[in-house]
Structure formats: C-alpha cells, structure tokens
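Peer 1: Protein chains in written order, with the numbering used here: chain Z, 104 to 218; chain C, 104 to 218; chain H, 83 to 216; chain D, 83 to 216.
Since the hints were derived computationally from the structure, they do not count as laboratory data. All residues carry an ideal CB built from backbone N, CA and C; glycine is no exception. Among the clues, some could well be false.
To list a few chain D residues with every Cβ distance to chain H over 12 Å, as calculated [as the list claims (entries may be wrong)]:
{"#": "1", "residue": "N102"}
{"#": "2", "residue": "A112"}
{"#": "3", "residue": "P120"}
{"#": "4", "residue": "D122"}
{"#": "5", "residue": "G154"}
{"#": "6", "residue": "G159"}
{"#": "7", "residue": "R195"}
{"#": "8", "residue": "G196"}
{"#": "9", "residue": "D199"}
{"#": "10", "residue": "E204"}
{"#": "11", "residue": "G205"}
{"#": "12", "residue": "T211"}
{"#": "13", "residue": "S213"}
{"#": "14", "residue": "D214"}
{"#": "15", "residue": "V215"}
Covered by chain Z, per the in silico footprint, the following chain H stretches (three or more residues, Cβ under 8 Å) [to be verified]:
{"#": "16", "region": "125 to 139"}
{"#": "17", "region": "200 to 210"}
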Amino acid sequence: MDLTLATRPEGDRTVVEVGGEIDVYTAPQLRSALNDAVAAGARHLVVDMSGTEFLDSTGLGVLVGGLKRVRTMDGDLELVCASEKILKVFRITGLTKVFTIHPSIEDALAGSGPA
Amino acid sequence: MDLTLATRPEGDRTVVEVGGEIDVYTAPQLRSALNDAVAAGARHLVVDMSGTEFLDSTGLGVLVGGLKRVRTMDGDLELVCASEKILKVFRITGLTKVFTIHPSIEDALAGSGPA
Amino acid sequence: MSVLPGADDVVLRVGGSPENVRTARLVAAAVARREGLPEDRVDEVRIAVGEAVTWAMHTVTDHVVELVLGPGEEGTGEFVVRVGGGLSPVGGAEEAAVVDPGAADGLALALLRGLADHVTIEGDTTVLTWSDVP
Amino acid sequence: MSVLPGADDVVLRVGGSPENVRTARLVAAAVARREGLPEDRVDEVRIAVGEAVTWAMHTVTDHVVELVLGPGEEGTGEFVVRVGGGLSPVGGAEEAAVVDPGAADGLALALLRGLADHVTIEGDTTVLTWSDVP
Ligand SMILES: Nc1ncnc2c1ncn2[C@@H]1O[C@H](COP(=O)(O)OP(=O)(O)O)[C@@H](O)[C@H]1O
Ligand SMILES: Nc1ncnc2c1ncn2[C@@H]1O[C@H](COP(=O)(O)OP(=O)(O)O)[C@@H](O)[C@H]1O
C-alpha cells in the first residue's frame, strides 16, 4: 500500500492529505512533502490523515520533525485523524500531548486558527 | 480468506454457492458440501463460483471428484464462473474440456437442463 | 545460526531493506490471525513486529533479519515473535541475559512496550509476546 | 542446510500445514509485487507457488518447507522462487540433475508449467522462474 500525498492551500493554512501507509518505507516521501510545503512558505500545516491506514514510529518521527521545524518559525502543525487504530499509536507514544489532533478536516479548519 | 458455502435447490437442480478461496486448506469443506448434497439426493449440481476468488489444484481435484461421482449416478455437475483469473486455471489444466462452465447463474439455470 | 522451527512456527528471513519491513508485517499479521488472535490484536502485532524489524535492520550486523513466529511453549496460550539475527526456536526459548527495555529510548520502543504484552531484548534479538491467545 | 539469502532474497520457512500454504502464497505475491511484476503475473506467482509448496509438503521428509524468493542472477531480469527442503541462494543456483517435469503428472504440475515461465525439479526442490521482469 503506497503513500498518496496531496498538498493544497486553505486560507493561510496548508493542508497535506496523506493516504495509505506511513512507514519506514514511505516516510521519506512525507518528509519531502512537508519540507517542500515549508520551503514554499507554509507555516501553518494541517496533515490530514483521514486516508491514512497505517503509521509507524518512523512516520511519527517525521511528523514530530515537521512540528519542531515549523515551531522554530512561529508556525504550527496540526493533525486530522479519526481512526481509533492510528490514534492509539499517538496515545501509546505520548504524542497526543504534543499534537493537536482534530477528528475531521472541517474541525481543523474551523478551529481558532493560527495566532 | 475463508470459504463460504451455501446450498439451495433450484427446481431439480442443486446450487452450491462457493465464496472465498478454494485451496488445499478449504477444499475439504467443499468436498463435504458436495458429498452432503449428493447424500441428500442431488444429482444435478451447479457449483456457483461467482464469489470464488482463488482456486488451486486441490480445489480442482474436488470439483473433478464431484463430477465423476454424480456421473456414475447419471447426474452432472456444471460450473458458474466469469472470472478470467479463475477460468485461466481451468484452461491451463485442460478442464475447460471436462466442465460445462456458464458465465452466470441465470445462464446455468436457463440451460437445456438435465436430461 | 540455522533455525529449526517448531512444527507450528513460521520463519521469515529478509535482507535489510525498508520494503522488507512490509513483508514482515504482512507475514506477522497472517500468522497472528491464523493463531486465532482477534483483529485488534492482529493490528498490535502488525505494528510491533514492524518496529522490531526496523530496529533489527539497524542493529544486526549483516542486515539480514530473521523472524520466528508461532505459539509459545505448549499450554502457555501465548503468541511469540522473535526478531533478530540467528534465532532459536520460539517454543524452546532459553532465558538469556535480559536488557531492561526501559533503559533504551524512543518512539519505537514505546510502541513495542505499549503493544506487546511482554517485551524482552536479548542482545540483538527482540522477543515479543502476546498472552491469553484464545 | 542453512540458507544465506542474497541481499534481495526473502526466505520463508513453514511447517507442513495447509494454512501455511496460504502464508507462502501471501509472501510470494508480496515479494513478486515488490520486484515489479504486474498484477496478472503476481496472480501467476501466487498460484504456482501455492502448488509448489503444497507439493513440497508431501515430498519433503521433515515436512518443513523452505522458500527462497528474489531476483535471479544479476541482469537476467528474472524472478525466481525455489521451494523445497534445504536450499541454496536463488542468485547462485548451481545446475543440478534436472528431472523433466513432463515425466511427472497431475493438475498441480499442469499449473506450474502453465503459470511459471520455466520450471525445474531438482530432487525435492522446485524452481519456478518468471522472465522479462520489468
Ligand atoms: N513524547 C514526545 N514528545 C516530543 N517529542 C518526542 C516525544 N517522543 C519522541 N519525540 C521526538 O521524536 C523524534 C523521534 O523520536 P525517537 O524515536 O524517540 O528518537 P530516536 O530515534 O532517537 O530514538 C525525536 O526528535 C524525539 O525527540
Ligand atoms: N484433464 C482431465 N480430465 C479429466 N480428469 C482429470 C484431468 N486432469 C486430472 N483429472 C482428474 O482429476 C483428479 C486429480 O488430478 P491429478 O491432480 O492429476 O491427480 P494426482 O493428484 O493423482 O496427480 C484425478 O481424479 C484425475 O484423474
């Protein structure tokens, strides 16, 4: 199951939709997509994992790396994820305390928004 | 992928619907279903493989065995199969010359019927 | 070291490429399902084994990783996956010097500990155990 | 005999239970796909490997069947699956006494011959080759 990536602007946010499996094999593609978005000026990233079916620690590492990167630029990186299976991966690693995780993209975009 | 089996009468024929994978692991279940049908008096069997996703040589052997069995009782055993992938298995083994294979259950039941 | 698996064990040996982590996950999920684990635990096995294999690919010297998957010793009701270099059969796992997993670090280890019921790390071998298999 | 797989080879060892034929098919399809075979040829691999493993489970004495799956020797553009007892690496398959498959019989062999591009049977080892892998 390969990764599908689609990046689009939504107001002053940039949504990166990630479908398929984010793992040690595909995580480099996600890292590139996040880097490309930041290089293109994005500071407020929303990674939409609604279509993500699998996530491993390498994928988590890329998300944490992306968050750290935009934070140094006063940006943020929030997630969309409703899958109990994948939320469990965030919970077990304590990353639910690190990421803001929205149940839907509507919810993420309706949020108070970037400061 | 386990096997699903459903046997029902259709006039003087008996339809055995087979879903899933017919292989060395599940073929004994199919053999039992065919034997049960014959024991219950069925002579004109239609094995409906519309929902069959995989077929190996052990499964083929069970079908051939079923055919031989009902033939000794002046019966017959016809197949329903439209999947190119599975038809290929019959072609490669030369069994398209042994079995009457219908593209749909309607076609099988509309056929000239048992003699 | 060569492995003579128990009758119910499955052995998989793969080279150290990320694609092979996927092959290992696939096999682990299939064997776990075969051993009767329910789907939510099959998901645990899939993730944890992927982590262990990824880790082994970095630590095992010749980058060939071997997995032995199967039921634990008779009557324990366990599902055991050993991941590492040269492995002994799952059923007859002798107790070796055990490094406390808590002494290591990282997201991968958090997942191993959170998903498997029991984790031991013996040298370059990770042993993951799920208990109370139906 | 122990197997040291080539870097790109995957080795699977399973006990002689019909369920394990499924595990072997699953792995064979995954590795074939990884090696770039198109889906219709992945289907060929799935069926042919299942047949070879079923057959090996009946002929290999200790009922442990080993598969080595991977690309053939460098530059041949082949996908090779060896199924049997103790196996040598796929890439360095030495030519052994070859029994003409035509001398054997059965539906299983018809499938092997019809689905793989090349079949050799050396003692209890079946070697299936698919050529012109993209
Ligand atoms: N609970 C956490 N909160 C914030 N960052 C974390 C947390 N856990 C791990 N990280 C960070 O995620 C990245 C990868 O984590 P980890 O897998 O622990 O690193 P390593 O691969 O060095 O063991 C690192 O940058 C690490 O600092
Ligand atoms: N082309 C065919 N036409 C009719 N019957 C066949 C054909 N091929 C195989 N059979 C029958 O199918 C059954 C299983 O076949 P096969 O696998 O060849 O047997 P075996 O397992 O003894 O090698 C046998 O009863 C055999 O006679």
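Peer 1: Can you name, in rising order, the numbers of the hints this structure does not satisfy?
Peer 2: 1, 2, 17
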